[in-house]
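Listed below, chain by chain, are the residues.
2 protein chains.
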Amino acid sequence: MGVPGVFTEYARLVEQRLERFVSEQDAPEILKQAMLYSLTAGGKRLRPAILLEFYRVLGGDPADALPAACGIEMVHTYSLIHDDLPCMDNDDLRRGKPACHIAFGEDTALLAGDALLTLAFEVTTRVSSAISPQAVAQAVRLLAGAAGMSGMVGGQVLDLQSEGKQITLEQLQQLQEGKTVALLRAAGQIACALAGADTQLTAAAEEYCVCIGRAFQIRDDILDVIGDTKTLGKPVRSDVQNRKNTYVSLLGVEQSAQLAASLTAQAKAALQTIGNCENLGILADALAGRMQ
Amino acid sequence: MGVPGVFTEYARLVEQRLERFVSEQDAPEILKQAMLYSLTAGGKRLRPAILLEFYRVLGGDPADALPAACGIEMVHTYSLIHDDLPCMDNDDLRRGKPACHIAFGEDTALLAGDALLTLAFEVTTRVSSAISPQAVAQAVRLLAGAAGMSGMVGGQVLDLQSEGKQITLEQLQQLQEGKTVALLRAAGQIACALAGADTQLTAAAEEYCVCIGRAFQIRDDILDVIGDTKTLGKPVRSDVQNRKNTYVSLLGVEQSAQLAASLTAQAKAALQTIGNCENLGILADALAGRMQ
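Chains as they are written, first to last, in the working numbering: chain P, 4 to 295; chain W, 4 to 295.
Calculated from the structure, these hints are not laboratory results.
Using N, Cα and C, we set each Cβ at its ideal position, and we do this for glycine too.
The reader is advised that the hints may include incorrect statements.
[Unchecked claim] Computed list of chain W residues with no C-beta within reach of chain P, every gap over 10 Å:
id: 1; residue: Leu-16
id: 2; residue: Thr-121
id: 3; residue: Thr-128
id: 4; residue: Arg-129
id: 5; residue: Val-139
id: 6; residue: Ile-170
id: 7; residue: Thr-202
id: 8; residue: Glu-210
id: 9; residue: Ile-277
id: 10; residue: Gln-295
[To be verified] If we take Cβ atoms under 7 Å as the criterion, some of the chain W residues that face chain P in the derived model are:
id: 11; residue: Ala-30
id: 12; residue: Leu-34
id: 13; residue: Met-91
id: 14; residue: Asp-117
id: 15; residue: Ala-133
id: 16; residue: Ala-147
id: 17; residue: Ser-153
[As the list claims (entries may be wrong)] Listed next, the in silico SDA-like pairs over lysine to any residue satisfying Cα-Cα at most 20 Å (straight line):
id: 18; chain 1: W; residue 1: Lys-247; chain 2: P; residue 2: Asp-110
id: 19; chain 1: W; residue 1: Lys-247; chain 2: W; residue 2: Asp-94
id: 20; chain 1: W; residue 1: Lys-168; chain 2: P; residue 2: Glu-32
id: 21; chain 1: W; residue 1: Lys-47; chain 2: W; residue 2: Glu-281
id: 22; chain 1: P; residue 1: Lys-168; chain 2: W; residue 2: Asp-110
Only chain P is shown next, with the shape it has when bound in the complex (with noise of 0.2 Å):
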């Protein structure tokens, strides 16, 4: 991605951690394969990534925040398994290998989904002491306001509802916003709370997760058109065969690569609340021109 080291040493210590959370647990080995199979598939680690580094630029030690940092790869696993099933999007493959369902079965890649949803708020608890029991709480709270009927779940539903229709581009963002926004910002309140940051600088950290996340989204779009399968390790113009409403189908991709560009710099711009986040502007410049 040509980021800093500082988020290569965080996807390590996140991808570490997460394979002991599930290995340690007394479970069904063919269940923590299935499980362990999604959440090693690669990735970028985003979200962890963005907390561990909010929380560091804000005083604290991301070793004590690393198991919520877990947490919320943990919900983005699980979307991407339970996505995938054929009751859903129907995709055979993901990060160039076959999805969960293909490798472990239906019934196997739905509850490995669930158990990871389920892992995720066990593991958000498990924060260093160092973090007030209030602090865990809300991030327990953030994480499920973000995943759940209001965030995550409810953008796939709208996008359920929007299949094979034409959609505007308020109803686009609006689905997005559920869909990938809402885990992103949830990434930067997390680190907030477990900080102990002011409302200030929570609206700032809030501010960049939600531009990058919405700039994430138009980038995605473009590289459905233009990319290549070898690269994104998914086929690639799936969205026009699927009649999906993106970005790129209802603002062409020229105009979509201005709305990403003024949405890496609004991110850029918040920064500026905060301090120290060098490591954040160039995470943010790298999304805005990333290949898969």
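Since chain P is already given, all that's left is putting chain W on it; use the hints.
Only chain W this time, still in chain P's reference frame:
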């Protein structure tokens, strides 16, 4: 059920609050409908009632713990929705009504289950501020532990693995510890955590819950053989038809009934340690003799 009026009152309070928790959210209408469809489909509200009654017996005001009681019922309801899906048990009927996926489609049912599981954790953090944040975090941890890979989801996986195979009584018990007992145990544990009960009281409450959980499952297996479809709201002898391993298939009706009776006695004995548990004693007897 022939249970004390307090349980009817708990059920009423829980049903009102469940409806409010879902209705007040800003979310797609069809998702709310699917969630409420399954939440309001009846059911004994056993887990929340046990949670609230233990909390009361331990000196608390049940109103303070009501959100946590709703949380555990949401987890139970989500598990029924996902269990009924075609890739799982493929049941069209639940409590005498079309299953959620028959009424709303597989995709919406899957998401309604996901949303209920997520909302469960959010509402658990919304107990009264009279309850300490440490206890709230502990309640989240207990709920997740019971619902997840080492509990209910793990039991589901063992159930899938045992389909069409002859298993031992020990394996059946292990499977049921996850599928049924874990969440009932959590009802007692969460009540104790929220009330700040000591380890001796907590152990007694747990023992009661575990014993009635086991007895409940055995009664379920017996009713599948001796019950009728109309009373049960689901097809009888489905276990036999699906070649499921049950207490009846392994022990026969008579020995199963004896085991249930002895577990019920053990549950009531455990209540002696706590005191003032008459209602819970009567509940144990009512469950042992229930016809649905």
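Against the structure, the hints come out as follows:
In this structure W:Leu-16 is separated from chain P by more than 10 Å, as the shortest Cβ-Cβ distance comes to about 22 Å. Not every beta carbon of chain P lies more than 10 Å from that of W:Thr-121, the smallest distance being close to 4 Å; the non-interface claim is violated. Against chain P, the non-interface label of W:Thr-128 is violated: not every CB pair exceeds 10 Å, the least being about 5 Å. Against the 10 Å criterion, W:Arg-129 falls within the reach of chain P, whose nearest CB is about 8 Å from its own CB.
With 10 Å as the threshold on Cβ separation, the claim that W:Val-139 sits away from chain P is violated: the shortest Cβ distance comes to roughly 5 Å. With a closest Cβ-Cβ approach of about 13 Å to chain P, W:Ile-170 is found to remain outside the 10 Å limit, as its non-interface label requires. No beta-carbon of chain P is positioned within 10 Å of the beta-carbon of W:Thr-202; the least distance is around 20 Å. Residue placement check: W:Glu-210 keeps its beta carbon more than 10 Å from all beta carbons of chain P (closest about 20 Å).
Here W:Ile-277 stays apart from chain P, with its beta-carbon at least about 26 Å from theirs, past the 10 Å limit. Against the 10 Å criterion, W:Gln-295 stays outside the reach of chain P, whose nearest CB is about 27 Å from its own CB. Given the 7 Å rule on beta carbons, the hint for W:Ala-30 holds: about 4 Å separates it from the nearest Cβ of chain P. At a threshold of 7 Å, the smallest CB-CB gap from W:Leu-34 to chain P is about 5 Å, leaving the interface hint in force.
Interface hint status for W:Met-91: upheld, as the beta-carbon distance to the closest one in chain P is roughly 6 Å, under 7 Å. A hinted interface residue such as W:Asp-117 counts as satisfied when its beta carbon comes closer than 7 Å to some beta carbon of chain P; here the least separation is about 5 Å, so the hint holds. The criterion of a C-beta within 7 Å of any C-beta in chain P is not met by W:Ala-133, whose closest approach is roughly 14 Å, and the hint is violated. At a threshold of 7 Å, the smallest CB-CB gap from W:Ala-147 to chain P is about 4 Å, leaving the interface hint in force.
The closest approach between the C-beta of W:Ser-153 and any C-beta of chain P is roughly 5 Å, which is under the 7 Å cut-off, so the hint is satisfied. For the hint linking W:Lys-247 to P:Asp-110, the alpha-carbon distance of about 17 Å falls within 20 Å, and the restraint holds. Simply put, W:Lys-247 and W:Asp-94 have alpha-carbon atoms about 14 Å apart, close enough for the 20 Å limit, and the pair holds. A distance of roughly 18 Å separates the Cα atoms of W:Lys-168 and P:Glu-32; the hinted pair therefore holds under the 20 Å criterion.
Distance restraint check for W:Lys-47 and W:Glu-281: the Cα-Cα separation of roughly 19 Å lies within the 20 Å cut-off, and the hinted pair is therefore satisfied. Simply put, P:Lys-168 and W:Asp-110 have alpha-carbon atoms about 17 Å apart, close enough for the 20 Å limit, and the pair holds.
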